[in-house]
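Asks: Protein chains in written order, with this note's numbering: chain A, 1 to 287; chain F, 1 to 291.
If you are wondering where the hints come from, they were derived from the structure by calculation, not from laboratory data.
It is possible that part of the hints are untrue.
Pair ranges (Cβ atoms, derived) [to be verified]:
| # | chain 1 | residue 1 | chain 2 | residue 2 | range |
| --- | --- | --- | --- | --- | --- |
| 1 | F | D179 | A | D211 | 48 to 58 Å |
| 2 | A | A201 | F | G132 | 22 to 32 Å |
| 3 | A | S120 | F | N211 | 53 to 63 Å |
| 4 | A | G112 | F | G132 | 22 to 32 Å |
| 5 | F | Q94 | A | N196 | 24 to 34 Å |
| 6 | F | P53 | A | D35 | 23 to 33 Å |
| 7 | F | G36 | A | R255 | 49 to 59 Å |
| 8 | A | R206 | F | P8 | 25 to 35 Å |
| 9 | A | D235 | F | A276 | 56 to 66 Å |
| 10 | F | R223 | A | G248 | 40 to 50 Å |
| 11 | F | P53 | A | R206 | 42 to 52 Å |
Quick reminder that beta carbons are idealized off the backbone N, C-alpha and C, glycines included.
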Amino acid sequence: MITADIEAFWDAIDAELAALPAAAELEPMPLHSTDTATLYFVRLTSIGPYRISGYYSVPRTPRPAPGLLLTPRYGSVNHIPDFHDRERYAVLQLIHRGQRLADEPFAAEYPGLLTLGIESPETYVYRGIVADCLRGMEFLRAQPETGKIGVQGDDLALMTAARRPEVAAILASDLMLYRLLDAAARSDAYPVEEINDYLRAQPERRASVADTLRYFDPLYHVGRIRAQTMLPSGDDAAWLQPLRDALGTHAQEYRITHRGAEDNDTLDAWLAGQLGAEPRSRFLQNV
Amino acid sequence: MTRVQEIPLNATMQPMPLRSGERVETFRIAYDSLDGVRIGGWYCVPRASHIAPPYPGLLIVPGYISEPTLPKSWAKLGYASVGVAPRGKLGSNQQYNPGYPGLLVDNMVDRNTYAYRGFYVDAARAVDFLLGRPEVDHARIGVHGASQGGALTITTAALRPDAITCGAAGAPFLCGYLDAPRLSRSYPYEEITEYLRAYPERAAAVRETLNYFDGINFGPRIRCPMLLYVGLQDDVCAPETGFALHDALSCPKEILSYAGCAHDAGGIWAAPRVQAFLAEHLQPAGALVSA
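The whole structure should be built from the sequences, with the hints applied where relevant.
Replies: Take a look at the structure:
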């Protein structure tokens, strides 16, 4: 359940975004365009102000296409959207502050980004990163060629959908900010290990870190979501139960098989069905 | 590689207390490579109070868009582990930075300046770093990675057959990569498709260049045992290319294939097999400590 302090915090960010023109620039990328989709490099202004970017691909069809926001991965590089997605969706791969192609003046470090400014919600780098995703959604919503809009990614997808009710479907996996302190206690794998490194060096800050992360944990936001939300779960099905409970009837569950192609095809079909697109497999069967 | 051996390594190690712990000490490292490019990476080594040296060395090589691995978990198992950042990656991009997309096709018409000429050497030079460490047993050095890391596993084992004891390569990229773009619409190979669509007249030059860098052509040089693993529905690195690589190896070899798996290459089932394979050949003491 979202609390009043968290709500006020994010309302203030929305107000900051509203006060800043996005000043969108679209530059065609002919080398990466195809017979079926045109690719643009997009620049937008987010809070800070900070100039972020993204790849925006538009199908070469006369009718509106479903929109799809791909929130950024945890890492310095984001791929151009997949060929099959570009044929079906007006798709924006957002690039948040600090990642390559949005790394001036701030270049993110890996490891390091996950704990940058974690001393308070106001200084935590994810305050800006979530705002970047919200800005990306606003851009996509404003494009005349987009119909229904879906969002796909990790916690950032959930946070974006929670703050932007126009989202029609959400596919969220590989969550990182969700129950992050609990996750850190269970794992020594990066990027979660960044939290353990930080708290080992500064154990006296555990309480303030916990307080900061409360503002960014999707658990406290998904109660606002009204769209169908697919949450693929791993072998520990109980891990996501609090999130499913918070989503209520909007939660859709899929137990992953660890056979990546099968899982991808199943989840692709679910999202395509929600958005009115045809399902596709990325694996080319007959070549 | 003859020319590379004449370049002083000039290795440096900077302790990283923030990334260290009771069982593992972590360093940021750097060394010189081809064309005077300074290469960065991570070095994680067991603390002597946890496991006494000497340690087997393990080189962890990164995927195409991955950050260089901070291999603390391998060090906990008893390996002196390097996670290398070949040129262009974060930590090694001050002098060369073609970007992503970009790396795969940078100077692809010229074998003498193609991106992977230096990139392959940068990974192989990490072996020299390990050979320069007194706590590492020079007779036990392995290499492991998946995707582009799988390709670098192959090329490193081939370029340093004198030093590499074993290698484990998942979903190997850059193998059969004259043909691979026809079998995929996924990045990174899509970069080649796009490049040749824009510049079809350069196809012959590209073909000539890539022959020098194709992992399959490195296969016959490898002498150590190799473990390969592939997903039979891999949309990024088509499984045919992994099997072609396997056919080209004349060393002791095994290939694991996983139905229904994509570029994950059956990771959840392959990972323990990889760990057991490396332990069999490199004999880390970590398993004894944990027992």
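Asks: Next step is simple, just say for each hint if it's right about the structure.
Replies: Here is what the structure says about each hint:
no. : hint                          : verdict
1   : F:D179 <-> A:D211: 48 to 58 Å : holds (55 Å)
2   : A:A201 <-> F:G132: 22 to 32 Å : holds (29 Å)
3   : A:S120 <-> F:N211: 53 to 63 Å : holds (56 Å)
4   : A:G112 <-> F:G132: 22 to 32 Å : holds (27 Å)
5   : F:Q94 <-> A:N196: 24 to 34 Å  : holds (30 Å)
6   : F:P53 <-> A:D35: 23 to 33 Å   : violated (59 Å)
7   : F:G36 <-> A:R255: 49 to 59 Å  : holds (52 Å)
8   : A:R206 <-> F:P8: 25 to 35 Å   : violated (46 Å)
9   : A:D235 <-> F:A276: 56 to 66 Å : violated (20 Å)
10  : F:R223 <-> A:G248: 40 to 50 Å : violated (60 Å)
11  : F:P53 <-> A:R206: 42 to 52 Å  : violated (34 Å)
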